[in-house]
Amino acid sequence: MHLFGVLLQLAWRNLWRNHRRTLIMLAAITIGVWAMIFMTALTRGMVDQMIVDGIKALPGHVQVHNPAYLDDPSINNLIPMTDGELQARFGESGFVAWSSRVKVPAVITSERDSRGITLLGIDPVAERGFSFFDYDEVDGRFLEDENDNGIVIGRKLAEILETEIGKRIVIMSQDPENDVADRGFRVVGLYTASTGAVEEAFAFSGKATVQKMLGIEGETTEVVFLGADYRDVDSTYEAVVAAVDGNVVVNRWYDVDTYLGSMMKVMDGFVLIWVVVIFLALSFGLVNTLVMAVFERVREIGLMLALGMKPASILGQIIIESMLLLALGLAMGTSLSWLTIIPLQSGVDISFVGEGMEMFGAASVLYPKLYIGDVILANIVVLVLGFLASLSPAWRASRYEPVEALAKVG
Amino acid sequence: MAAVRCVDLCKTYRQGDQDIKALDHVSIEIASGGFVCLSAPSGGGKTTLLNAIGGLDIPDSGEVYIAGRRIDNLSKGELADLRLKHIGFVFQAYNLIPVLSARENVEFVMQVQGVAAAERKDKADAILKEVGLAGLENRRPAEMSGGQQQRVAVARAIASRPALILADEPTANLDSKTSEGLMELFTELNEHHNTTFVVASHDQRVMNYAKRLIRMLDGRIVDDIDQRAT
Chain V
1 MHLFGVLLQL AWRNLWRNHR RTLIMLAAIT IGVWAMIFMT ALTRGMVDQM
51 IVDGIKALPG HVQVHNPAYL DDPSINNLIP MTDGELQARF GESGFVAWSS
101 RVKVPAVITS ERDSRGITLL GIDPVAERGF SFFDYDEVDG RFLEDENDNG
151 IVIGRKLAEI LETEIGKRIV IMSQDPENDV ADRGFRVVGL YTASTGAVEE
201 AFAFSGKATV QKMLGIEGET TEVVFLGADY RDVDSTYEAV VAAVDGNVVV
251 NRWYDVDTYL GSMMKVMDGF VLIWVVVIFL ALSFGLVNTL VMAVFERVRE
301 IGLMLALGMK PASILGQIII ESMLLLALGL AMGTSLSWLT IIPLQSGVDI
351 SFVGEGMEMF GAASVLYPKL YIGDVILANI VVLVLGFLAS LSPAWRASRY
401 EPVEALAKVG
Chain A
1001 MAAVRCVDLC KTYRQGDQDI KALDHVSIEI ASGGFVCLSA PSGGGKTTLL
1051 NAIGGLDIPD SGEVYIAGRR IDNLSKGELA DLRLKHIGFV FQAYNLIPVL
1101 SARENVEFVM QVQGVAAAER KDKADAILKE VGLAGLENRR PAEMSGGQQQ
1151 RVAVARAIAS RPALILADEP TANLDSKTSE GLMELFTELN EHHNTTFVVA
1201 SHDQRVMNYA KRLIRMLDGR IVDDIDQRAT
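The listed protein sequences correspond, in order, to chains V and A. Using the working numbering, read the first sequence as starting at 1 and increasing by one per residue. Using the working numbering, read the second sequence as starting at 1001 and increasing by one per residue.
Please keep in mind that the hints were generated in silico from the structure rather than gathered at the bench. All figures in this text were calculated on a predicted structure; none of them were measured in a lab.
Straight line, CA to CA, 25 Å or less: simulated DSS-like cross-link-like pairs of lysine-lysine: (1) A:K1085 to A:K1121; (2) A:K1076 to V:K310; (3) V:K408 to A:K1076; (4) A:K1211 to A:K1177; (5) A:K1123 to V:K310; (6) A:K1021 to V:K408; (7) V:K310 to A:K1121; (8) V:K310 to A:K1085.
Please take these sequences and the hints and turn them into a complete structure.
What follows is the structure, encoded as C-alpha cells:
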C-alpha cells in the first residue's frame, strides 16, 4: 500500500509536468468519451422509439394466429376460435392487456383517389393499450365500441384521398368465399402517428362492423397480448402457449417483426463496436503521450531503478499515470454527455432529414436515451483498452538498465 | 566480514570497433567502516567498479560480494532490493526526482522501504538540517543550486542509514566550501555510524579525506594506499 502511495504521487505529478500535452490529451479523451455516450444515447433513443412504435403499431408483445396466416394474411386464415371462446380462455388470465381483431388487406376509395391499406376491425376499449396514437388526440373522435360503423384513418391518408371528417369513403376487401366484400364508411376521425408511412397504412373500424362486412361474424384473424416489458416477453408468451391448443401459432413480437427484433439484438453489439472504434482512434494519442513521457524521463527512471525501485513498480507507475489520465477524461466526458443529453430529452427535431429517417421506420423527433449500462460499458472499455494500450510503453520503461538510463544524454 | 569484496572482475565495453577494458582482473576487499577513494583518470574504470559493487552493472566475469553475499548472479528484482535496503547512492548529476520537493526526495527511499510517514518526515527534516538545508524542505530541484541539489542527494543516501554508501564524483559540481562540508559529513558518518564509503573521484580534496586510496589505470588497480599510516 505504501508503494502504491509513492507511485500514485509520482504518476499524478508527472502527469502535470507537461501541462499542455496533458490538457490536449485530456480534451481528446473527453470529446471521445462524450461522442461515445452521446451518440449511443441518440442511437438508443432512435432504436427504442422504432421498437416501441413498431410494437405499438399493433403487434403487441405476443400474437396468436391461424398457422397459415403469417404466410398468407387473408380472410381465409381465421383463428379457429370464436370471440366467445377467446373470451373464455383469456378473459381472466391476468395479462396487462389483450385484444382480438380482424386485420385484412383492403382498398380504400374516396371520390378522388384510392389506396391499398390494412383494415382493422377492433374493440376500441380492449385495443387502447396497443394503439400507437392517443385516442384523445384524434381529430374528430375515435371509435366508441366494437359496433361503431365509423372509420378512423391517418391524417396522411386523408390528404392523399383528399377526404376529411364527415365525408364517406368505400372499403373493399374479400370474404372467405373470395367474393368482393365492400361497404361505405363515414370518416369520423383522423389520427396522427410518428411517421407518415404509418398514417397511410391503417384504417380502423368497429370489430363487429368489419366482421359483418366480411361475413365472418364472431371470428377474428389475430389475438394480441401485452406483457410488462417488450424486452422480456417470455412469461407472457408461456402464459399464452399454456392457454391455447395446437390449432394456432403463438409468436413473440420479434419473431413476427424480424427487422425490429434484429435491431434490438444488434444494438448492444453496435454500442460495443462504436465505443471500441472511438477508443482505437484515441489510443494512438494515448500511446504517443505515454511514449513521449517515458522518453523524456529515461534518466529519472534509471535513477529510481538505481535507488532500489523494482521494474514492476516502474511499470505500475506508468500504468497509473495512464489510468489517471483516462479516469479524468472519463469523468469529464461522462459529465459532458449528461449535460448535453439532459436538455435534449424533450426531443431533437430532425425533420430536415425526416423522410430519410422514415425509410428506416424512425420518427422525425429523436429522444436520446441514456442507459446507465451504456455509460458503464463506455467507461469499462476505455479503462480496459487504455490499460492494454499502456502496457507497451510501461513495459519498455521497466526494462531499462539503470546504468544505461542514467547515462542517457537528455 | 568485509563490507565489499571483488574477486577478479573483468568488464569490456565495445566502442565502435574497439574493445575497451573497463575492468581488468580487479580484486579488492573493503572492510566494514572503511572509507575508500577510487581514483583514476577519466575512463580508468572507477565508475565501472563502483557500478559493479552497487549491482548496477554486471561484470563479464568475476565475483562481487556485499556483506558476504554474492550479488553478481542475482536477478534484477533481488538487486533492486539489495540496493534499496543496504546501499546509498550519490551520483555526479541528475541525482534528484524533479517532481518531488527536497524533503520528498530525501523521503523517497524510506517511502519505498515502507517507513511510516511521520517517521520519514522527522528523519528527512533532521537530515536536511544536518546538511545545511533547513528551510528549503519544500523546494523542488529546479529551485535549488547544484550544490544544494547534491546535498539533498547525500541526505537521501544517508537517510535510511545504509551500511554502504557509493558516491560517484560527489564534489564534481560543487564549490570548494560546499565540497569541504560534504566531505566533513561523510567523515562524521563514517566515524560515528560506521558507514562504509566508496567514493570515486579524482578530486584531491576527496582523496585527502579517504582512509584508503586506490588508484586505477586502464581498468587495473595500480596503487592501494592506506592513508591512515601516512
